[in-house]
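**Q** What follows is each chain in one-letter form.
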Amino acid sequence: MCLAIPGQVVELFADQPTAALIDVVGVRRKVDLGLLQDDLPVKGDWVLIHVGFAMSKISEEDAIDQMRTLRMLGEAEAAMQEVEGYGLEDTRNTKAS
Amino acid sequence: MKFVDEFRDPEVITKTSEEIRRLAHPNRHYRIMEVCGGHTHAIYRFGLKDLLPSNIELIHGPGCPVCVLPMGRIDDGLSIAQQPDVIFAAFGDMMRVPGTQGSPLEHKARGMDVRIVYSPSDALKLARTNPDKHVMFFAIGFETTAPSTALTLGRAKTQGIHNFSVFCNHVTIIPAIRAILDSPDMRIDAFIGPGHVSTVIGCRPYEWIAKNENKPVAVSGFEPLDILQSIVMVLRQLKADEARIENQYKRVVPWEGNRAALRAMADVFELRPYFEWRGLGFISQSALRIRESYAEWDAEQRFHIPGVRVTDPKAAQCGEVLKGVLKPHQCKLFSKECTPEHPIGALMVSSEGSCAAYFNYEHRKTAMVTSIASVA
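Chain order of the listed sequences is W and B. Going by the working numbering, the first sequence wraps up at 97, each residue one higher than the last. Going by the working numbering, the second sequence wraps up at 376, each residue one higher than the last.
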């Protein structure tokens, strides 16, 4: 739970300044930017995501490092499941109801 | 050193490991606590203990939010969800944590409306899409997750979503470190500070540990090399008889933390006078509660809470393991009654819990070492 997931900002929404579409190894989900409001990321920036909120901006190199760390920790699959579950869009998730 | 070849830069790892051996005085025993459960997981997963001399002992700290939550709070949360038309929403980590009448997942099997969410904002979304139900989000976590809960509560208020509440179990890391340092059976020489908690709180809150307690702290990343470098940092300080805060994880952790996140927390939360931690007992000002201005969204103010207090199963020694007095395998129930498949204590539930980490990796490692030895 204290491990953050790296992702890249691929789209910003004009009508929602505190949200962005983030790509995490091909999976795209809307992520909250509220915690970065003092220094909002722009398209192409990399961020660390934690429970659906971008927590900090990082470099691309660090993003790659972080993904490798998650893989080495055996946590990459759980991380991807988390990302897929953002927005309750995962069928496994809604099925659970 | 079986895992070295798997590391990104085995040469640097080996050099750092040698540096640790050079710095550690052979006649001294070092007790270094890694505060964060993510570090505990990494230390076991990467077999880092094998890269350290035997007189460096890593003590696993209280930084696994699921593990430090007393069973009574789980019962309290589930009792709210037993009321009609309430949806119990929580992170996946919470689902298998046992309460006295079973885990949230077991309650689900008995008919309770229990949903896994991956973000507090998705719990709020559930409330929006289920207007005839009340969604209670069971919030846990240190300062890494608390700001997200805070922003979600802020949104519930501004968007006027009234069928949503938070059962707040957020805790803060500094008082737990203080409790450990105050504990008479604990002797810690230095700390490896949490990585992602520090992205929020920064490095300043640790300064008293160096100033008042004369203990070095290195805020660390999660890669094997990060953790080894942090050990080098604190050993260098110990050798020079210094104590200060070093930031090994500069690439992610700003010294001042994340001000927007701290503002969000301050807006919504205030410190509880005291809170119970599993294994550590009651610690003053160690947890967050929801401010009066958000009372409508506070499950504790909105619902009757039984305030259950449950003592842990007598045979389970979670408390001693949490404080680092016992190693996981020294608990009487370890790998017998208590396993990751059938956890008795919370330390066996979360992958960040030291018992689960020890169970998942130490056994396998023993098997691997034996097979490598037989090949050689």
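Calculated from the structure, these hints are not laboratory results. Treat the hints with care, as some may be off.
Heads up, simulated BS3-like pairs for lysine-lysine below, C-alpha to C-alpha not over 30 Å straight-line [as the list claims (entries may be wrong)]:
#: 1; chain 1: B; residue 1: K125; chain 2: W; residue 2: K57
#: 2; chain 1: B; residue 1: K157; chain 2: B; residue 2: K15
#: 3; chain 1: W; residue 1: K30; chain 2: W; residue 2: K43
#: 4; chain 1: B; residue 1: K49; chain 2: B; residue 2: K15
#: 5; chain 1: B; residue 1: K250; chain 2: B; residue 2: K239
#: 6; chain 1: B; residue 1: K133; chain 2: B; residue 2: K332
#: 7; chain 1: B; residue 1: K133; chain 2: W; residue 2: K30
#: 8; chain 1: W; residue 1: K57; chain 2: B; residue 2: K133
#: 9; chain 1: W; residue 1: K30; chain 2: B; residue 2: K108
#: 10; chain 1: B; residue 1: K125; chain 2: W; residue 2: K43
Label-pair distances were calculated between CB atoms; the ranges are [as the list claims (entries may be wrong)]:
#: 11; chain 1: W; residue 1: R71; chain 2: B; residue 2: K49; range: 34 to 42 Å
#: 12; chain 1: W; residue 1: R71; chain 2: B; residue 2: D50; range: 18 to 26 Å
#: 13; chain 1: B; residue 1: E337; chain 2: W; residue 2: V42; range: 52 to 60 Å
#: 14; chain 1: B; residue 1: S335; chain 2: W; residue 2: V25; range: 51 to 59 Å
#: 15; chain 1: W; residue 1: K43; chain 2: B; residue 2: E341; range: 40 to 48 Å
#: 16; chain 1: W; residue 1: Q16; chain 2: B; residue 2: A266; range: 21 to 29 Å
#: 17; chain 1: W; residue 1: Q81; chain 2: B; residue 2: A315; range: 41 to 49 Å
#: 18; chain 1: B; residue 1: K133; chain 2: W; residue 2: E77; range: 26 to 34 Å
#: 19; chain 1: W; residue 1: Q16; chain 2: B; residue 2: L326; range: 47 to 55 Å
#: 20; chain 1: B; residue 1: G111; chain 2: W; residue 2: V42; range: 45 to 53 Å
#: 21; chain 1: W; residue 1: S59; chain 2: B; residue 2: Q159; range: 32 to 40 Å
Cβ atoms here follow ideal geometry from the backbone N, Cα and C, with glycine treated the same way.
**Q** Take the hints in turn and mark each one as holding or not.
**A** The hints, checked one at a time:
no.	hint	verdict
1	B/K125 to W/K57	holds (26 Å)
2	B/K157 to B/K15	violated (54 Å)
3	W/K30 to W/K43	holds (13 Å)
4	B/K49 to B/K15	holds (15 Å)
5	B/K250 to B/K239	holds (23 Å)
6	B/K133 to B/K332	violated (44 Å)
7	B/K133 to W/K30	holds (25 Å)
8	W/K57 to B/K133	violated (37 Å)
9	W/K30 to B/K108	holds (28 Å)
10	B/K125 to W/K43	holds (26 Å)
11	W/R71 to B/K49: 34 to 42 Å	violated (21 Å)
12	W/R71 to B/D50: 18 to 26 Å	holds (21 Å)
13	B/E337 to W/V42: 52 to 60 Å	holds (53 Å)
14	B/S335 to W/V25: 51 to 59 Å	violated (35 Å)
15	W/K43 to B/E341: 40 to 48 Å	holds (45 Å)
16	W/Q16 to B/A266: 21 to 29 Å	holds (24 Å)
17	W/Q81 to B/A315: 41 to 49 Å	violated (34 Å)
18	B/K133 to W/E77: 26 to 34 Å	holds (31 Å)
19	W/Q16 to B/L326: 47 to 55 Å	holds (50 Å)
20	B/G111 to W/V42: 45 to 53 Å	holds (48 Å)
21	W/S59 to B/Q159: 32 to 40 Å	holds (35 Å)
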